[in-house]
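K.L.:
Please take these sequences and the hints and turn them into a complete structure.
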Amino acid sequence: MEPLVPLLVAVPLGVAFAVVLLAHVRGLRRLTGLLAVAAVVANLAISLVLIGGPTINTFVGGWGDGRTLGIQMVCDGLAKLMLVTINLVAAVSIVYAGAYMRRFTKVWLFESLFLLMTGAMNGVVLAGDLFNMFVFLEVAAIASYALVGFGCEAEELEAAFKYLILGTVGSALILLGITILYSLTGNLNMAMVSQGLAVVGRTSPAVLLAAAMLLAGLSLKAAMVPFHAWLPDAHPSAPAPISAMLSGVLIKASGVYALARVVFSVLGPSPQYATVLMVLGAASMVIGVFLAIGQWDFKRLLAYHSISQMGYVVLALGAAAAVMSRSDPDRTVAGLCLFGGLFHLFNHAAFKSLLFLSSGCIEQQAGTRLLKEMGGLSRRMPITSFCCRIGALSIAGVPPFNGFFSKLIIIISLFLAGYPVLAGVAVLVALMTLLSFIKVQRYALEGEPTKTAGAVEAPALMCIALVVLAVVCVAGGLAAIPLRDHLFAPAGDALMNASGSLTAGVTP
Amino acid sequence: MGITLYVLAFAVLLAGLYAVVAKKNIIKIIVGVLILDYAVNMMLVLVGYRSIDGQAGQAPILPGGAETGALAKSAVDPLPQAMVLTSIVIGLGLTALMVAMAIRLYEKYGTFDMNEIRRLRG
Amino acid sequence: MNDPGMSLIVKNTARLITGFIAVFGIYIALTGHISPGGGFAGGVILASAVVLVVLAFGREFAARLVTEPQCHGWDAAGAMGFLVVALLGYLVGGFFWNFLPTGRLGHLYSGGMIPVANLAILVKVGAGLAGAFIALALFHRTTQRREI
Amino acid sequence: MGMEYLIVALIAFMFVAALVAVEARDLLSSVISLGAAGFALSVIDLLLGAPDLAITQVVVEVVALVLLVRVVLTRTDTSVTAPRDALRTAAVLLAGGVLLVAAFVAVGGAGTDGAMPPFGEPRLSDPAAAPVEPVSAEYLAKAPDETGAANAVMAILLDYRAYDTLGEATVIFVSILGLYAILRRVGRTSGAARAGKGGTAP
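Chains as they are written, first to last, in our numbering: chain R, 1 to 508; chain E, 1 to 122; chain A, 1 to 148; chain H, 1 to 202.
Calculated directly from the structure, the hints in this document are not laboratory data.
Covered by chain R, according to a simulated footprint, are these stretches of chain E (three or more residues, beta-carbon under 8 Å):
| id | segment |
| --- | --- |
| 1 | 17 to 27 |
| 2 | 30 to 38 |
| 3 | 42 to 54 |
| 4 | 81 to 89 |
| 5 | 95 to 108 |
Partner residues are not named here, just some residues of chain A that face chain H (Cβ under 10 Å, in silico):
| id | residue |
| --- | --- |
| 6 | 78 |
| 7 | 89 |
| 8 | 101 |
| 9 | 110 |
| 10 | 136 |
In this text, a Cβ means the ideal position worked out from N, Cα and C, and glycines have one as well.
P.N.:
Encoded structure:
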């Protein structure tokens, strides 16, 4: 299975280049969309195949064999989980875009940028090397800046510019952190840096400075409060499939995933970093939901909920790090925290992209994003409304949907980890989320049609995408246990035995 | 001496950060981002520099006729240089994209001032 | 919109040196593995030759030499070339496997795939930046309206 | 030793140029000061044994300046009038002070455990004393033999770490593609020009 791993990056990148070439050949222009879908679906297939396989460590260019000269690609449990998440959402979004993007000009640019973003996210997830991770973070980020402004309307450009500036500051901080770590250890390979830091001292002044830079930069990418200012502008401004990709996977792959990797695998879980993660997570969880509750713009409301829900994930990861950094770590509790966090990460990808995609359907068919102007959509657009309702129930944490289980596990694990207050806060935030989505139900789907009387059901391709995600939401709840055994437990193990899974295959 | 160098590099970084956060003019913000880039690149080059017994380190390029292992004794660290090359490229790409957005924003709003460009609520 | 370019002196100077700049860019890229430089620097120099032409002779003249879609094409082709180098290695032994003979150290023909990759990057960066500059030059305000 | 003073002077010059660029009243001076800082950086690169970077920095600087100057020159609104936000400025200065102190502490105890290695003595200088074996020692020793390239930077960039360079090539490809996307005169087809924008934020 090892030869499959580089393809996850090479295929989308290569097809993205090919799309640009084909777009300039008369007669082949129509193929670009199909090619893009084929590439993403192939990626999804590869990542599903990889789940069953062992942990894979390869050195690009063959510069491994006992040395770490080359760049390591790591496909461990966590990477596999992220790959499935990324490529699932990407496949659904690109199919949806086939119908949705007809309103835009030069769609081949969109397709190419979309593929580059997806490929780069795969690259981030597979990177076992700090600088390589940074490079792919940048590719994904730059593609997303351009995609946010794809509509070229004034508000979209403004949001894209803000996003670009803050994202670039974040990247600069990340690179500075990597610079300091390189200076301390003379290595870029994550496993080697981690070994070096163990010798230097994991909480020595220089390491703390580097960690501060890395955590600040990655929190900017993950839009944790107080670094969240760009997200509520950027995510709603993008075309719907891109909103789904940004909220559904980009903030996870380039924010939360990278945070987890850096904290668990490179810096090592120590109390300081655990506290930072928990503070960031709890603040995002609470403030995000308070900001969301007053919103009347559907997409903006969803964007604020992304901040809040990512707060859950980061809080759970922080709690896991805190448990791991104790002198006698209870690995069961840490594992439960990680299971909750990663399960919620996956679930959020499913229901948030579902909600964003259905908001795109509503926006296109009903011509509005304001909840007050909607109403009665459940009769006009039955499939969209049904799927939207499933998404809303999932994010609100209603049993038996997936969001309920992951939130429940996070709350229980917080209790067990010794943070009952935070567990209580998490319950309150879940109730507020529920309230906020009752509002969505009440105004958008129920009631009498007002301005939206002329709305009809969205095109078939878009409905198919919604239905697939709705099925994932339901199945995620029903199949929580098998999913844990095959997907989340290996991912949690990868974080807990971080150095183990990274160095397998390297004999330094 | 080394401390002065690193701290000065951080000061340059701060000048850029200050421009990005406190300035309202799009061009000034772009200038700030570029300064930030310079500072980080400079940090990398500083970190990779090596002096050998008080002598300046050589560029990591093997001179004609030298034996192949000669670099290990005399050259500066090549890896940060490779990283900076990548980082410069990223900076250039971002500059092009930022300039394009600045032009578009100017076309839409007739100004570079972010105070007037404020359609979205924060 | 007519763009006559700059004065006669500038035009004559540009006529003289553009070729040299372009050749220098290619030289920098081809000798990247034995002396300072490399494909990226070479590509930027190559693009700056196009920039000079656009600035000196105006965009209409430049458009006759090279158009934006051509730049797109070469840009993608260069990137594709680099990826193909990587994928050829993939067929032989692994992703980015350096499968070409390393050659004689210090000679132009050395370094295996390094000069080939430099060449691909030269094409990619040169065409990409030239296209970007032409696109920026062609974008002039047709509609100047304040929407506030 | 003399060179270190020269570099301190150059970085100080960069700092001043950066301040001028940030504070200048008109945008053209701002952009030109930025150029001065960039050229100072390329001289620093040259002094620190990085001719590859010096060349790249200079050519990139030229292209970036041409782009920025064109933007500034062809627009009428080139002066800065907006008042500064005192609160933000104070916050930045405060954060900056903290950062400088942190930097000072992190590099300050040069030579002691847990601080960055002192200037001029990267981990590569003394591989035996480094916490883990620094990769660069091996790059320098083996690059010419293993890759056949006399330039170790290119050997790393295009052979050992060529995968990074694929990312780098992709970055420039992405940003230029993004530039084309942003510069499309019409984003949406005429029929649906503002169909989706019926409801903006209230």
